[in-house]
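Heads up: the sequence shown at position 843 corresponds to 843 in the UniProt record's numbering, and the numbers run straight through without jumps.
Simulated from the structure, these hints should not be mistaken for lab results. Small disclaimer: the values here were computed from a predicted structure and weren't measured. Don't take every hint at face value.
[Claimed, not checked] Restricting the straight-line Cα-Cα distance to at most 20 Å, the calculated cross-link-like pairs of lysine-lysine (PhoX-like) are:
| hint | residue 1 | residue 2 |
| --- | --- | --- |
| 1 | K381 | K491 |
| 2 | K623 | K591 |
| 3 | K122 | K158 |
| 4 | K205 | K254 |
[To be verified] Listed next, with one range per pair, are the computed distances between beta-carbon atoms:
| hint | residue 1 | residue 2 | range |
| --- | --- | --- | --- |
| 5 | P269 | S469 | 20 to 30 Å |
| 6 | G578 | G430 | 35 to 45 Å |
| 7 | K381 | A524 | 47 to 57 Å |
| 8 | V184 | P332 | 27 to 37 Å |
| 9 | S434 | L413 | 17 to 27 Å |
| 10 | V267 | S434 | 18 to 28 Å |
| 11 | S301 | S790 | 28 to 38 Å |
| 12 | N533 | L422 | 54 to 64 Å |
| 13 | V166 | D611 | 42 to 52 Å |
Glycine included, C-beta positions come from ideal geometry on N, C-alpha and C.
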Amino acid sequence: MNFLKSGLQTVLGSQEPGTLPTGAETVERLVERVSSSTLLEDRRDACRALRALSKKYRVEVGVQGFPALLQVMEMDRADPEIIGYCLDTLCHVTSREPFEEEADNPNITVHIGEQFTEIFIKSVENVTLVLNCLEEYDFRVRWSAIKLLTELLANKPKEIQEIVLVSPMGVSKLMDLLIDSREVIRNDALLLLIQLTKGNANIQKIVAFENAFDRLFDVIKEEGNLDGGIVVEDCLLLMLNLLKNNPSNQQFFKEGSYIQRLAPMFVIPPEQEEIGMTPQKISNMLRMLQIVRALVSPNNSQHVVTSCQKAMRSSGLLEGLCNIIMGSGVSPDILTETINTVAEVIRGDVNNQEYFNSVMAPSNPPRPALIVLLMSMVNEKQPLPLRCAVLYCFQSYLYKNEAGQNALVQTLLPSTAQISSLTSGQLLCGGLFSTDPLSNWFSAISLAHALLENPTQKEQLLRVLLATSVGSTPVSLLQQCTQLLQQANCKFQSKVALLMLLAVWLSHCQLAVKTFLSSPGSVAYLIAQIAANEHDDNEYLIQGLCAFLMGICIQFNDNSVQSNKRDDLCQLLVKRIGLETYSAKLGEVSKHENYSRSAKQPQIRIRSSSDLLLDYEFCKLFKALESAITITVNGFGSGADNINELTLSQEASGLVGQYKDIIRDQDSRLQKLQEQMRNFETENMLLKAQLEQAQNTNAQLSDQNILLKAQLQAASDLQKSQQQQSPFHLLPTQGENVNHQVEALESKLAAVTIQQQDQQSRASYFEAENRRLLNEIEQLRQRVTEAEKSAEEGKSDLEKLQKDQEDLMELLTDQENKMRSYRHTLKNLGHKVEDDSEEDEPDVDGTKNV
Numbered sequence: 001m002n003f004l005k006s007g008l009q010t011v012l013g014s015q016e017p018g019t020l021p022t023g024a025e026t027v028e029r030l031v032e033r034v035s036s037s038t039l040l041e042d043r044r045d046a047c048r049a050l051r052a053l054s055k056k057y058r059v060e061v062g063v064q065g066f067p068a069l070l071q072v073m074e075m076d077r078a079d080p081e082i083i084g085y086c087l088d089t090l091c092h093v094t095s096r097e098p099f100e101e102e103a104d105n106p107n108i109t110v111h112i113g114e115q116f117t118e119i120f121i122k123s124v125e126n127v128t129l130v131l132n133c134l135e136e137y138d139f140r141v142r143w144s145a146i147k148l149l150t151e152l153l154a155n156k157p158k159e160i161q162e163i164v165l166v167s168p169m170g171v172s173k174l175m176d177l178l179i180d181s182r183e184v185i186r187n188d189a190l191l192l193l194i195q196l197t198k199g200n201a202n203i204q205k206i207v208a209f210e211n212a213f214d215r216l217f218d219v220i221k222e223e224g225n226l227d228g229g230i231v232v233e234d235c236l237l238l239m240l241n242l243l244k245n246n247p248s249n250q251q252f253f254k255e256g257s258y259i260q261r262l263a264p265m266f267v268i269p270p271e272q273e274e275i276g277m278t279p280q281k282i283s284n285m286l287r288m289l290q291i292v293r294a295l296v297s298p299n300n301s302q303h304v305v306t307s308c309q310k311a312m313r314s315s316g317l318l319e320g321l322c323n324i325i326m327g328s329g330v331s332p333d334i335l336t337e338t339i340n341t342v343a344e345v346i347r348g349d350v351n352n353q354e355y356f357n358s359v360m361a362p363s364n365p366p367r368p369a370l371i372v373l374l375m376s377m378v379n380e381k382q383p384l385p386l387r388c389a390v391l392y393c394f395q396s397y398l399y400k401n402e403a404g405q406n407a408l409v410q411t412l413l414p415s416t417a418q419i420s421s422l423t424s425g426q427l428l429c430g431g432l433f434s435t436d437p438l439s440n441w442f443s444a445i446s447l448a449h450a451l452l453e454n455p456t457q458k459e460q461l462l463r464v465l466l467a468t469s470v471g472s473t474p475v476s477l478l479q480q481c482t483q484l485l486q487q488a489n490c491k492f493q494s495k496v497a498l499l500m501l502l503a504v505w506l507s508h509c510q511l512a513v514k515t516f517l518s519s520p521g522s523v524a525y526l527i528a529q530i531a532a533n534e535h536d537d538n539e540y541l542i543q544g545l546c547a548f549l550m551g552i553c554i555q556f557n558d559n560s561v562q563s564n565k566r567d568d569l570c571q572l573l574v575k576r577i578g579l580e581t582y583s584a585k586l587g588e589v590s591k592h593e594n595y596s597r598s599a600k601q602p603q604i605r606i607r608s609s610s611d612l613l614l615d616y617e618f619c620k621l622f623k624a625l626e627s628a629i630t631i632t633v634n635g636f637g638s639g640a641d642n643i644n645e646l647t648l649s650q651e652a653s654g655l656v657g658q659y660k661d662i663i664r665d666q667d668s669r670l671q672k673l674q675e676q677m678r679n680f681e682t683e684n685m686l687l688k689a690q691l692e693q694a695q696n697t698n699a700q701l702s703d704q705n706i707l708l709k710a711q712l713q714a715a716s717d718l719q720k721s722q723q724q725q726s727p728f729h730l731l732p733t734q735g736e737n738v739n740h741q742v743e744a745l746e747s748k749l750a751a752v753t754i755q756q757q758d759q760q761s762r763a764s765y766f767e768a769e770n771r772r773l774l775n776e777i778e779q780l781r782q783r784v785t786e787a788e789k790s791a792e793e794g795k796s797d798l799e800k801l802q803k804d805q806e807d808l809m810e811l812l813t814d815q816e817n818k819m820r821s822y823r824h825t826l827k828n829l830g831h832k833v834e835d836d837s838e839e840d841e842p843d844v845d846g847t848k849n850v
């Protein structure tokens, strides 16, 4: 401290004996010296002193010193030392963190650094001045500039991002820091870029196209790949920033073959499996998995996801992930995140799904990886995050995978073959009827995903029979689910899961609805649940799900079950519940807090096991059918006939289905023809290019041919003129030379002529092939036109059929109204007339009152 005092006295000049200036006075005099001194050394000493005081007297230095410091940075750029002092001083003034030296300073507020940052960036030139300092190679200047930019960015991120974005070569200057040989500068630049790229797609694109991925992979390699330290994690974090929610960078990453550079990092040596991973390597691995997921997230563009999934399979990355899942000694965090990653790598990609289905676990005897994972899912002793990850992976395996859905259902159907090994269907049925509510939930959702958009498997699953006890009569799976739902000891999560499974199963499947309505007590249970007066959120959800299942039974009812036809069920709702109450109960599903959270994304993200309620695909189904069900039920209550695709008669539905199949087939043929036509057009373009090249070559050969003929003619004329002019014969050597020239020219001319003929033949072939392709393209265009016309006619026929049905229903409605009017008139005239409204109505259990 004495040294500082003596130094200040040297800089400020002599003071009265026994007195020292205040902090504000000291800063004021130093700032004055910085501004007015003509000697560089004096300015440098004053800046050094200001840097020393900037921690204790931050407010004074900031208020008085900004203009002087900026002036020095502009005027004295040639002196790295003074520039470093200025940058350090500005860094202290704008710092977010308080200093020990200013603990007793009453002028310091919590956000003082942010306030000074706001003042500093009011002039964009100030930030540009700091960016220009990055071009200086001197360590003191470059490192101090990085630290100052980091502080400014932390205080005002969006403002600094916009300034850097419009600054000429601003991002390029920052990217050059990654190749600095000094690790401190490179590492701090990484941290700066991580902050700079957060949430700004434009900066992310510029950084990516400034060769960021190559530089980051180089740094990762220098640091030892995944075995490296925190620097590797910083590189991966910056890479993740560049890829997440940025389709342009994702496509650039894929096209740049960077996925191929990722794949080797997922190969874990056997010896490392035995000793385990260090905490830092676990962090690095988690970042790597997040990068992979950023490329194949379901929220991404489908085109990008598909291309990345293909590259991950061909590069061996998917194989590496599967080996990690089946490996030993893998930490729970890595295992869970790897399963989630595999889920998104295979989701919707048939080839990847087939590969995953073929993976075998290294057990004795070997078992499919899917079976091992499902065993973990239905095991209540396994960690909840792991069980959720397995469910997500299994859902992704079944997503748009009809073969996988069919294979799962087949394991439940009766078979003559002796099956000794455990199957996926057996595991799910065991979990569905276990005493663990979570196993019930996981198993029910898994079975529901085997039925999504697959009417065939919905009907096949109706054939599944279960033996509830030895010697008892087998019951169907649907009947067993219905009975389990009605049991008093059925837990809340189990009820939710069973109701969702039944809703998915019955939707768009009239046969399943018929089977459910034929089950004793099924309708009575739903009505009783809907009519209950409960005030608990969980009970509201159960009532809403029951209302939804009841609506599905009305919407997809083929009227084949006596006393439970569509009109009977609607009358039951009107009588027992009321349409307004029913609609309110139906709306309870979407009002539940779990609905909005579950409907956001396919992956299950929960805080506790109690959050496992609604499923993503179920939420999509509910959203698609809620309005249709409401219109149908309310339409019945108002006396109007609501006719749409879902409420047509069975015969009309079949006819509409036939038309839809025809249109779908025509659309498929049309797409194939268009694809074939595009291929022919591409081939035609290539042939045109080859033809043009052949014609150019032919023209060149023609020119050479003409030139050679001229040279040959000139040589012949020379030979003749020499023979005529000289009375003596030419010397043997001269005569031989001319003859050799003529022979060489004739030989070359013959070769060129042959080559020209060959090119002419090729050109003729190309022209003929081009004409053939043009004819085929024209024929394809005619077929496409015919297919489009046929498709339009099919759609027109479908629309006409639906219009005819609507007209028919209007006529029936008019006739019914007239009949009612006639009955009313006859009653007024004193005639006894039976009224339809006097007919017995069905009771709660579906039977009629007598």
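Results of checking the hints against the structure:
{"no.": "1", "hint": "K381 x K491", "verdict": "19 Å, holds"}
{"no.": "2", "hint": "K623 x K591", "verdict": "12 Å, holds"}
{"no.": "3", "hint": "K122 x K158", "verdict": "13 Å, holds"}
{"no.": "4", "hint": "K205 x K254", "verdict": "14 Å, holds"}
{"no.": "5", "hint": "P269 x S469: 20 to 30 Å", "verdict": "52 Å, violated"}
{"no.": "6", "hint": "G578 x G430: 35 to 45 Å", "verdict": "42 Å, holds"}
{"no.": "7", "hint": "K381 x A524: 47 to 57 Å", "verdict": "38 Å, violated"}
{"no.": "8", "hint": "V184 x P332: 27 to 37 Å", "verdict": "36 Å, holds"}
{"no.": "9", "hint": "S434 x L413: 17 to 27 Å", "verdict": "22 Å, holds"}
{"no.": "10", "hint": "V267 x S434: 18 to 28 Å", "verdict": "38 Å, violated"}
{"no.": "11", "hint": "S301 x S790: 28 to 38 Å", "verdict": "33 Å, holds"}
{"no.": "12", "hint": "N533 x L422: 54 to 64 Å", "verdict": "46 Å, violated"}
{"no.": "13", "hint": "V166 x D611: 42 to 52 Å", "verdict": "45 Å, holds"}
In this structure, the earlier hints numbered 5, 7, 10 and 12 are contradicted, and the remaining ones agree with it.
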